[in-house]
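Enquirer: Residue numbers (my numbering), protein chains in the order written: chain A, -3 to 108; chain B, 2 to 238.
None of these hints come from the bench; they were simulated from the model.
Note that CB positions come from ideal geometry on N, CA and C, so glycine has one too.
Where hints are given, some of them may not hold.
Chain B is faced by these chain A residues, among others (derived, beta-carbon under 7 Å) [to be verified]:
#, residue
1, E2
2, T3
3, W6
4, V7
5, A11
6, R32
7, E75
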Amino acid sequence: MSAKAETLLWVMQRASAAVLGLCVLVHLGTMIYAVRGGLTAAEILSRTRGSAAWLAFYTVFVLAISLHVPIGLRTVLGEWLGWRGAVRSGLLFLFALAMAFTGMRAVIGVYS
Amino acid sequence: MDPLKVRVWRGGAEGSFQHFVVPRHASQTVLDVVTYIQRVLDPTLAYRFACRVGMCGSCAMTVNGAARWTCRTHVDKVYQKESLELAPLRNLPVVRDLVTDMREFFDKWARARGSFQGTKTRADDFEKISPGSEKRKQVDAAIECIGCGVCYSSCDVVAANPDYLGPAALNRAWTLVKDERDVEGVERLRAVAGDAGCHSCHTHMSCTERCPKQLSPTAGIAGLKREVSLALLTSAL
Chain A
-3 MSAKAETLLW
7 VMQRASAAVL
17 GLCVLVHLGT
27 MIYAVRGGLT
37 AAEILSRTRG
47 SAAWLAFYTV
57 FVLAISLHVP
67 IGLRTVLGEW
77 LGWRGAVRSG
87 LLFLFALAMA
97 FTGMRAVIGV
107 YS
Chain B
2 MDPLKVRVWR
12 GGAEGSFQHF
22 VVPRHASQTV
32 LDVVTYIQRV
42 LDPTLAYRFA
52 CRVGMCGSCA
62 MTVNGAARWT
72 CRTHVDKVYQ
82 KESLELAPLR
92 NLPVVRDLVT
102 DMREFFDKWA
112 RARGSFQGTK
122 TRADDFEKIS
132 PGSEKRKQVD
142 AAIECIGCGV
152 CYSSCDVVAA
162 NPDYLGPAAL
172 NRAWTLVKDE
182 RDVEGVERLR
192 AVAGDAGCHS
202 CHTHMSCTER
212 CPKQLSPTAG
222 IAGLKREVSL
232 ALLTSAL
């Protein structure tokens, strides 16, 4: 992979990590707030259904994860298993799509 | 003083430790110990040294599990549990006993474009670089590398990825990136980017911890990451 592509992946992983840092804080804060009086599916759905703000927030969260995790896994596979090359990148691209698809399915599920 | 009990690696990649007993002296260095063994106890022991004063970088070995320059390492500092264990540097092929093949280490300096590329000739005037300029101060902080290989031997990323250029080569590239007279520019940034380059550094800081010259290759590698990213974002890469 070219220096440009490698650097782009690195920058994307750092940028997505910065986004995830904020997302995780909001996510954990909301969980701590939400479980104070017990946690029910109905309560979660009452907060997320029809809420454009939560839809936007969790869309950003899922997309940042879908970028961050496969790029990190790529390094782990290279260093731990010595697995490099186009097949690794191709499979991780499919993995990224799968994460984005399943994640967005859940986000839309609690929105609509 | 009680004599020293020393375990010394004998053989190549496959081998075993041999035990020696060496007279102990005040202010004795680890290199003194190895030299005594080779001159008095076993002349077949292979090891490498030259200057003996911490300038040439040839005497580095693994001492009690950690890479060190042996000419400036006093026995008092490292003698643990009545034992001194000497082995060749890690992450490099062993030639014999305490001698490693340093070719890959130095080839990587070339791969990182570690040679100065200027444009001036002898007919030109000197470039005027202020010693107080920010760039020059960054160069000065990293320039005193003696090429001993201690950082390379201590680096876990080199162990995991044999293509990784390593702390010393990247540190050298960093000093040239910040050298205002050098014209290699983006070509060098391309050479140090990616899986074999600065982006693989995990910032474990073993190189910085172990560098006998108290340099921080980690800081230089972080600087390279910034420079390469900037080049990408400005479409120069």
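Enquirer: Now look at each hint and say whether the structure bears it out.
Expert: Checked hints:
| no. | hint | verdict |
| --- | --- | --- |
| 1 | E2 | holds, 3 Å |
| 2 | T3 | holds, 5 Å |
| 3 | W6 | holds, 4 Å |
| 4 | V7 | holds, 5 Å |
| 5 | A11 | violated, 10 Å |
| 6 | R32 | violated, 39 Å |
| 7 | E75 | holds, 4 Å |
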